[in-house]
Amino acid sequence: MLKRLLKNPLSLTGIVLLAIFFFVALAAPWLAPPAKPCPSFVYYIVPDWILRPFMKELPCEPFRIPRDGFRATPLPPDLQAWTTFPPRLKDESGKMLHPLGTTENRYDIWYGLVWGTRTALIAGILIVGCTLLIGIILGSISGYFGGWVDSVLMRGVDFVLALPTFLMTLVILSIWGRGLDKIVLVDILFGWAGYARFVRGIILSVREREFVSGAKALGASHWHIIFRHVLPNSIYPVLILASLDIGSIVLGLSGLSFLGLGQGEDYADWGQMIAFARNRIVGVAGGDVMQYWYTWVFPGMTITLFVLAWNLLGDAVRDILDPRLRGTH
Amino acid sequence: MLGFIVRRLLFLPFLWFAITFLTFLLLEPLGPYQRVALFMNVNPEQAFGGKLTKEQLQRLIEKYGLDQPAITQYIRWIKQVFQGNFGWSKVAQKPVFEAIRERLPATFELGLYAVLPVVLIAIWLGVLSAVHHNKPIDHSLRFFSITGYSLPTFVFGIFALMIFYGILGWFPPGRLSFWAERIVYDPTQFTRYTGLNTIDALLNHRWDIFVDALRHLVLPVLTLSYLSWAGLQRVTRSSMLETLRQDYITTARAKGLTERVVILKHGLRNALIPVTTIAVPTVIGLMLSGVVITETVFNYKGLGLLSVDATLQFDVPMVLGFTLIGTSLIVLTNLLVDILYVFIDPRVRYD
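Just so you know, the sequences run in chain order A and B. Under the numbering used here, the very last position in the first sequence is 339; numbers go up by exactly one each time. Under the numbering used here, the very last position in the second sequence is 547; numbers go up by exactly one each time.
If we strip away everything but chain A, and leave its shape as in the complex, we get (with noise of 0.2 Å):
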């Protein structure tokens, strides 16, 4: 599979794209280090949404983009910051550089997009493999068993794929307030019903097969003949299908946090940098158009790769797996 996948030009470029987000998003700390350094690793691999209800204080909070000053004009790029790299992001006499400018408030660009990658990496992932593992559990169980805890379950799921989830999404940020880990929460909350359909349909097929009645001869449990025989024979296009996924979240995502629904303005988040970027979008009223286009161009130009690199990627992938269309290709 991965030898077709790299074979193909669109999928080949989708993976050369997600591999430079993934470095990216891993070497945040040395691409955009913080203003001062955090005393422990822990604070810049989980955000300070997923700490706050466990600490009353933060220490450091690398997530956060160091601000210019106060006012609110952008500041275009420096190019004297791209003399190294990674960019410099202070000059020797400790002025603030901004390798890609500022957004509005002065937000520092480059900063904001090199750990916003980070924040929307781990907020898909956090999201799928959640979503993911309540989808798989419900899913075998329902699919194993059958009779009425399937039909329990089944209909729990079509009620919940019937939700309007954007709808109950706002209402869920209008009770308790903004913030990415509401957001989280809630997607995993209405995200998990089509996978736990997914799989269920999987187990169907597979819990009639040789092997799975081979092993209640035996008399294995339940859950030996779940984990052990039925899982492991039909998982892996539910992981890869579901990972793709990962794109769209994102996506999701930061159209929530465009619309103010996020973590705060000087929040690492791609989203709420192109909600900065629409003010300044036609530059200063009687001046140049252009005048602030580093506002809107990075942050826009990355948010559409990202996404573009997970369908590529995800394209491909659902050709090569889907069995009826197998040679049309």
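The set of hints was computed from the structure by calculation and includes no laboratory data. Hints are all accurate, no fakes.
Listed next, with one range per pair, are the computed distances between beta-carbon atoms:
id: 1; chain 1: B; residue 1: Tyr229; chain 2: A; residue 2: Asp78; range: 41 to 47 Å
id: 2; chain 1: A; residue 1: Leu61; chain 2: B; residue 2: Leu300; range: 38 to 44 Å
id: 3; chain 1: A; residue 1: Ala45; chain 2: B; residue 2: Gln276; range: 51 to 57 Å
id: 4; chain 1: A; residue 1: Pro43; chain 2: B; residue 2: Gly280; range: 57 to 63 Å
id: 5; chain 1: A; residue 1: Ile135; chain 2: B; residue 2: Thr387; range: 55 to 61 Å
id: 6; chain 1: B; residue 1: Glu455; chain 2: A; residue 2: Lys13; range: 33 to 39 Å
id: 7; chain 1: B; residue 1: Phe207; chain 2: A; residue 2: Leu61; range: 43 to 49 Å
id: 8; chain 1: B; residue 1: Arg441; chain 2: A; residue 2: Leu228; range: 41 to 47 Å
id: 9; chain 1: B; residue 1: Leu399; chain 2: A; residue 2: Leu61; range: 55 to 61 Å
All C-beta atoms, glycine included, are put in the ideal place defined by N, C-alpha and C.
Given the structure of chain A, go ahead and fit chain B onto it with the hints provided.
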């Protein structure tokens, strides 16, 4: 057939009640005092000149039954809703029902122009792509659809605004220009029959306002439809590809039917089955979130923009009102799809 529709008609209200009740349950974790605060248009501590005592607050809670079990409160709330009382919106500074009635036509107008072209053009492009499978036209349409659903609504909207407003100055944001707004909201000069600016302008024979309204609609409609175009086109393409490989298509060709009849009558009609059942509800769902983002990007004063403001400012009655409208829309679409299904698929007879 009739039996099926009756059964659906009974199931859909159940779905509607279940969704609204679930939404209402979300208020449960809050205490009665917090709930009082949500439904008051001022900070309770400052209400009545800061003279609101704890006893008075308690009386308010008891008067509106805010300390009662969720189901009692829900019944009370839903009764009021059916009487047209959705509560007071602090963001709109007026009753929620009135605010919705004022803003709904704007959103409806946007959706009206966005949905129909989306469905027709997307299906046409999907068929085109499938018929010319693996030809340049298929490749370019696929590329278009992949970039289409990769480009976030807000990025697309901002880029479009940049080009067509910032550089070219053709399509401004907002819903009407200032001069047009002055005329439209003046009852002596302009009668608002429907609330849809383009239609009202035609009914009032005001061509200048019609053009102005249209100019403000172009970009939001384009932004709202682009995303759904891509998705719908993709589904049509793969469904059509699947259908064209069936034996009855070969039979139809062998009978000597023209290619046009084979594709449109034997192919498309069968290919449309998954398109209607899967794609149409998806498009409606996409549109609901799309409308909110599109209206925010273009500062288009519709229901979506209002609901974002409401969400940001804890205006729960307003958000609940928006959810009611959205849920009703989804439920109705589902019913419509089921009925449509019968007409598209000759094999389906619901009895």
